[in-house]
Every structure is written in C-alpha cells, then in structure tokens.
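Each chain, letter by letter, is given below.
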Amino acid sequence: MTQPGQGPGPTSAALDEFAQHWARVMAQISYVPVRLDELRQVLLGYAERMAGSPDGLAAAREVGAALVADGYTNVSALHATVAALAAHFPPRDPATDPRPNARHDAATDPRPDAGYDAATGARDDGVTDPRHDVATDRPGEAPDRGGRTELLGAVAAGYARALRERTQRELESIIRAVLTARRTAERAWAASEARFEALFVSSASGICVVDPENRIAQANPALARMLDRPVAELVRRRLTGLAQSGHRAAVGRALDELHAGRRAHAELDAAFGRPDGGTVWLRLSLAPVPHGEVTHLVVTAQDDTERYHLQSALSHQALHDPLTNLPNRALVLRRLDELIDGLGPDEHVGICYLDLDGFKTINDSFGHAAGDDVLRTVAVRLAGCVTEPGWLAGRLGGDEFVIVAADSDPTRLVRVAERVVSAVRQPIPAAGHQLSVSVSIGVTDDRIPHGQPSDLMRAADIALYWAKAAGGDRYEVYDANRHDAQALRSTLAKGLRSALHRDDFTLRYQPIVRLADGVPIGAEVLLRWTHPEHGPVAPEISIDLAEEIGLIGQLGRWVLTRGCQQAARWYRDLGDRAPFVSVNLSARQLHDVGLADDLLRTLDEVGLPASQLQLELTESALLGPAQGPADALEALAAHGVRVAVDDFGTGYSNLAYLRRLPVRELKIAGAFIDGLTPGHSGTPADRQIVASVIALAHGLNLTVTAEGVETREQARLLRSMGCDHAQGWWFARPGEPDVLPRMLVGEGGKPVDPVPMY
Amino acid sequence: MTQPDWAPDDIDIDRPSASRIYDVWLGGSHNFEVDREIARKTELAWPDAVRYARANRAFLGRAVRFLAAQGIRQFLDIGSGIPTANNVHEVARRVDPQARVVYVDIDPVAVAHSRAILAGDDRTAVIQADLRQPRDILEQVRDGGLLDLTQPTALLLVALLHFVPDSDDPHGAIARLTGGMPSGSCLVVTQGAHGASDESDEEIRELYRRTPTPLTARDRAETERFFTGFELVDPGLVNLPDWRPDPIETVDDRYRGALVYAGVGRKR
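Protein sequence lines, in the order shown, are assigned to chains F and Y.
With the first letter of the first sequence counted as 1, position 148 gets the number 148 in the UniProt record's numbering; the numbers rise by one all the way through.
With the first letter of the second sequence counted as 1, position 145 gets the number 145 in the UniProt record's numbering; the numbers rise by one all the way through.
What the hints contain is simulated information worked out from the structure, not anything from laboratory work.
All values reported here derive from a predicted model rather than from experimental measurement.
Covered by chain F, according to a simulated footprint, are these stretches of chain Y (three or more residues, beta-carbon under 8 Å):
hint, segment
1, 28-34
2, 107-115
Here are some chain F residues the structure puts well away from chain Y; computed CB gaps all over 12 Å:
hint, residue
3, PRO90
4, GLU213
5, VAL231
6, LEU234
7, ASP276
8, LEU343
9, TRP391
10, PRO410
11, ASP484
12, GLU619
13, PRO684
14, ASP738
15, GLY746
We treat Cβ as the ideally placed atom computed from N, Cα and C, and that holds for glycine.
Assemble the whole structure, with the sequences as input and the hints as a guide.
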C-alpha cells in the first residue's frame, strides 16, 4: 500500500471521505470478513495512490489488481468501486497534474505491461487492449473531467486482468492439486500393491485366488511349495482337481457355497496329492473377493500335514499294540465290523483266532522278557504270513492274535493258517535260548449262523479250542454241526447228574425169546433218558457222556440195581418161568474193584438168584491183560451169574478169552442179522458169518442170541440155522416190565412163531 | 499394514466435494463445474448460503483470535478444506507468530492443494486423515512432531460435523482426540441445525448426497453433546453470527433460513 498524502492531488479530507464511502459499499460485497476500520484504511491507501501517483492510470490499474488480491473477487466489488470512484472520487487538479497530456499519455503509453504478459504468458487473446478503448474519443461525449473516465477504465482493466490471472492461477493450482493427489495416491497404491505382492509372495501361508469355475487365477509360492508344483503349473488348474479323490467333493461343495453366496466364509481340511505321490494335508480358509461382476474366492492354505501325522500317530498309538506294533483289539474289531458291514453279495470275511500253546510255561520258565521276545517274533512271522491285500493281522492281548481276512475263501484262509502254524513252529530265539513254540488256530468265516462279528469271534474261539483239545500245533475249521453236537453233549452232560437224582432215567426191557418155542426166557435191560428239554436221548450218548464225566460207575450201579429189583419181582411172581435180566456192563464197571462184591450183595438184597442175572460185555471190555476183571467175572460166574459177549464179531476178536473166561453166551450184533434178509447186499457173507458163529458157540458149548431181529424171515432162518435165542422188534419192542409176564401168558407182541418147526 | 484410504480412481473431479463447494461460496476458483453446480443449486434452495459461508469463515477467524488471545498456540484444524483468505495460521500468527497449525482433511485434493500453498512453512503441516479414525490422526500428528499434544491445543471442527453421521461415532472420535489433551485445551464446533423448511433441507441434503460427505443436521442438545468434558465459554452454543460478534466488523453476517450452531469449549 502506498503511503497517503504524497504528491499533488485531492485533499486528504476529500480522500478520507471517499474512502469511507467506498469501504461502506465494499463491506457488503466482500467474501472475506474484514473489519470496517481496517477496510477503510486499506481503501484510503488505494485512493491516495490513485490520487497521488504521477502516473494515475498505472496506479489505478494496480489498485484494481490489489482489490482482487485482497479477495474482492466478486465482480460486484468492481461495480461498487467504479460507482464509488465515478461519484465520489475527488477530481484531480489539472494544474498539478504532472502529465503533459494525460489522454495522449494513456493512449500512446509505449511501455509494455510486464505483468500483463508475464501473468498470462501470452499476448492478449483477441480482446482489444482496454487502454485503446480509453484512448478512443467518442463524439458527443462530455470531456473527461480530470481524466476520471480513464481512471475508471484503468481500475476496471487492472481488476479484470488480476481476476483473470487469479482465476487461472487458482484453477491451475487446484488441477495441480488433483494431479498431485492422484500421483500421491498412485504411489501409495503402488506401495500398497508392492506390500501386498510381497505379502503374497513371501507369505508362509499358501494363497490362491480361484475364479467362478474354481480355476486358480493366482497362486503364491508357498502354495506351490505345499503342492510341490511350480506356480505356473497351478494357474488355470481347478483347485478341486488338485485335491485327492476322496476330498474333491468336499472342496467343491465348500467353493460352490461361497460362489453362490450362501456362506461368507468356510474352513475345511482336505488332502492334496503331490506329483511324487505324497499327500499334503491343507487346512483351507475360503473367503469371497467381490470384484466387478464375478466373484473370485481367495483361498488360504495352512500345511497341516504334520498335525495330521501327529494325529495319525496318536490314533496309531491308540489302535496299535505297543509291544508288537500290530493293530490292537480295537482296530481289529473295528476292521471286522467295517468288513462285515460292507460285505457284497458274494464276499466273505474270514478270521483266524490264534493262541500260542503253552505260552504261560515260557513266561514262567524264562521270564516275561523272553515271553515278550516270543510275542514279538510271532508277530513278525504272523505279519509275514499275511500278505494278502486287505487282510489284517493283529494282537488281541496276551498270546492271542487274530487275522481278519477281507474277501476270503476257505481255501486261502486255511492255507494262511497252515503257513502260520509252520512259521511259528520254527525255533524262536529268546533269552539266550532257542525256544520251540507252537500255535493253535481256530478258523472260520461269515458263513456261519448269524455271521456277526461277535459270532465269528466266538466260532473261531471254539475252533481254536478244538485245535487245543486235539493237542495244539494245528488249526481247526469251525463246523457248526460239530459245534451243535458238542453243545448238546455239554448240555446233556450237565443234565446227566441231576437226571440220576430226578429219576429222569428209566429202564426198558426187551424180551429175549427161545427160538425153538418162542418163550421169553430173559430181557435185556435198556437205559432210557428223557431230557426235560431235549426229549429222549440215545442210550449210546448217555453212556458216552456218563463215561466222559465219570458218572458211569454210579449210573451202571443204578441200572444193575433196578434191573435186579425188577428181575426179583418176576422171580417172585413167576418162579422158574421167570426171565433173567441181561444188563450191559461197561469196561469201566468191569474194572471196578468192588464189582463182584457189590453185585453179589445187590442180588442178595433184592432176593434174586444169581442165575437170573446175565452180564453183557463187549469184546473190547473183555480184552486186556488185567487180571482183576477176569477174577471178578470168575467169581460171579461161580455164583451162577451168566456172562454174555455182546456184539460178537464186530470188535477185534481174540478168541482166546473164550477159553479163559466164564462166557455162557454169544450175542450176534443186529448188523449181521440185517444181512439175513433176502436181497440184502451182505446176505451170503452175513449168513455164513451167522452160521459160523452159531457153530463156534455150539462147539464151545455156548448159546447164541441173535439181536435186532425184525422180520419173520429172519426169525425163521435163525431158527433153522440152530440159533438158540433172539430179540428184536419182531418179537417185542423194548417195553415196560409187564411186557414179559404178558408174553408168557400169550399176550402182547409176537413172541411165538405159529410155526414151531420146519 | 494398512491400505491407503483412497485409490487413484477415487480422485475424481467429476464428483463434487464439500470443500470445493465452500470455496465457490468464498469466491474462490479452486473448483470445478460439478462443484459450482451444487453451489448454485444449493443457493436456489438456500439463497443465504454465501452469507452463511462467509459467516462461518468470520466465526472461525473470531474463534481463533479468541483462542490465541487465551494463550492457545497449537491448533488442530480437522476438515480444513481449501485454503483461502484468513486461514487459521494467518489469524493465529497475528497474535503470536510462533503459533502452530496442523490442517487435516479427508479430501486428497484439498490436502495436496493445502500442501502446495503451505510449502516451506515449517509451522504448519497438512495431513490427510479421517475424523472417523482418530487414532490415525493422533499418530500422524505425533509423527509430524509439530504439535505437542501434552500442551493446550485447540481442536477445530468447523463446518465439519454435519458431514459426519452419528453412525460414524463423531462423539467417540472427539473423546479420543481430546482425551490426552491437557486441561485448558479447547474445542471449536460449528454444526448445521435443521433449516427453516423441511423442503429446502431435504433439497440440500439431496444435493450433498452426491458428495462423499452427506449432511447430518443436529439440534442443540445433540450439538452440545460434542462438548462433553468441555465447558462452553460465553456465550455458549449460539447461532454462528452471534458468537462474540465483532462490533466493528464490516460484513453483515446475518443469514436467513438456517441455523448453524457455533460454540467454543474449554476442557475442564
């Protein structure tokens, strides 16, 4: 601002008044808040410049520009200024005007306006220089008093030029700001991109972006390392296709859910194949990347293989036997369950149940360390024998092992069992010894009743028991029939003992008739057992069982006593016509030391003459070097007890005993009598045998009884052959004791052949 | 790592900006046709918009003068916009040439422009930041080292808060920004209230929806809530021109048709 009051011009009072007026109008126009007193001072300064400057027009232009610089960019400010100047600016005193010709000066001012050019950088754009307008004399216009018109023009020109410059400058600066901001943003963006790129590239996590088709659009090196394929090889491949077949569906499902927008995030574990055939377990985290129309997904992957392996190891530990590293009971049973659940129509699952023979002895004799050595070696050999795919050898515990055979057939199963038996048989080094170990194996498959895992294990266990019972070092194949018979026997054996007390046993009497006249002369005592649940039990089975469980002595005595009691009743009732009783005596009974004494006492007790008792003994019972039985028989025979050889000709005969023992009678087994039937395949031989036996007996002064006579022809033939006695259904079925008295009086059965002789 | 808040694509001169619209009303040419269009249309709905802008600017000047007279030498001006006449640092330095000012704006163009204008001035700084991320503002201010926020500081939120909806939690931002400032620090707020007619209000709001910063009007109670923890100095929360008017100020700041609250609070 110029200092006021310098040089020629209006009085300072006039200027002050003008400035006050000017400030009042300008105050309303200003864009910027200004204090009125400050504004008046500023404007007063401008007024003084214009009034006092030797070059009033130049000063006027400067003032116009200064107004713009002060922020009076509203064109109303120019309007107000021009109006104020025109109305109130004190006139210049021409006498003091230093300019010789203001008009001329203004019109012909040759000085280039540096600011003008410098500001725009170019010459005026076609608009006539205002200075020329001012210079133009218009006809009829009042002469400019004191050059005020020129002054107004100069202010306007200065203002307009400055406003234009300012506008251009501001526009330029704002455009520069835009460009700068954009450049800054681009740099920041690029830096950010670079950081993201670095993050992407150097991340330890595998990252990839997949397109809506699940093809990999971008993949980072970490993912490439995890999958062991170069990044370039991953790009455009489907992520699902890289997953292992069992995991593709799950990966595909998760990706689809995100593509469809049904989920915003997903995590899953999946196994991926590596080119070397290895597996990498990845924990995948999926999230959408909305970009434009299509949604890509970003998939981050953590290599979880170690954890998986750890987990596998843990589950291995949980499912394997630490001593042998074989699958343990849990895993074996699970495997068996799985196999049986998944059985196809013609598929079968087999198992071998193994148990070392005498393992306890090894532990006891050589210590548990040796026992463990044996178990480890057996485990290795067992595993070596089980090479079929899908078969599994495991340890159930202790010295029990098992083989679970998928898709098995009996042949292969037995072959493996054989292999295992002979493999175990090889000496096993343990605790400094070469130990001989053997194994028993029970073999079965699901073709058994029910066929559930527990049924298989039980069946194999039973077969194992058979193998053990047979001496071990072998395998046995489970057989349901054998098992059933065994099961029945075991049930019956249990019932046998109580049967004796409960009187479940009864005796039946089968008449023995004299063939010559059909008169019943005796009766064979037959034991009958009716089991409360199983019904009648065959006599052989009862006797076998009784022998097996050591009840035969007791049972035999019971039979003898009852038989003798009955015979005694007949004897009392019938006297001399009374039939004798013929009681079977087992080898065990025969070897019983007190046999003779017991028997004689019994006969005495029941009041039966010894001659009314016949003992039937098989040849095998009679054979043997022991002297005891012979003595007993001798003693009994001496008292008159009859001794008969049962089933003569069916055992290994050593006829010497016939000379040695007090035998009175031979009984021909029913099997030979069958052969007497005409048309029977064995007829000629059997007839010869029967004839020979009869001849032999008669030669030795023994009588002969034919058993199992069922037809008239047989009876006739035997009589014609000279056979002494006979028994069988033809004459009478075994029956109640009264069958004999009734036969004696001509009732019941067919005791008497109506044709006495040929 | 943070991504930049704005990408090159965001710097879009086809989108009007509140700071450039304000520049139009202050007679500036730092604006584009899109800005001038909104300015013109706003003036149709609210013919006193120019007066308001000038009054707001006048208030800013009076408030800064007042604060400087109270001894405040540090100013944090958020939403500073396009520099124009009588910027905060110019006003403050008339009281004390050592006054320091940090200008903050969300608009990258305003920031770039401010930096160009203020280049070489080592007592001012311009940062690009968002009121809604006060922690970022504090970090940038601290990193710049220009202001010592343990000393009394004035936080200027002039013609800013009506661009911040409650959902962006401006109260929380103010609390965070001023939480660490010592007692005696000050808060300066202007906040547009609801106007004379719902129609013109809605019209203006509609216009500003085109900018990145739509308008949120607040009533007195809502505006006073910004001063939680502060004591309003006389005359309290009043219409802009009524806040400590300068009796010899030239400009007739009386505008009609809208109420804009102004207030200065001192931290207790």
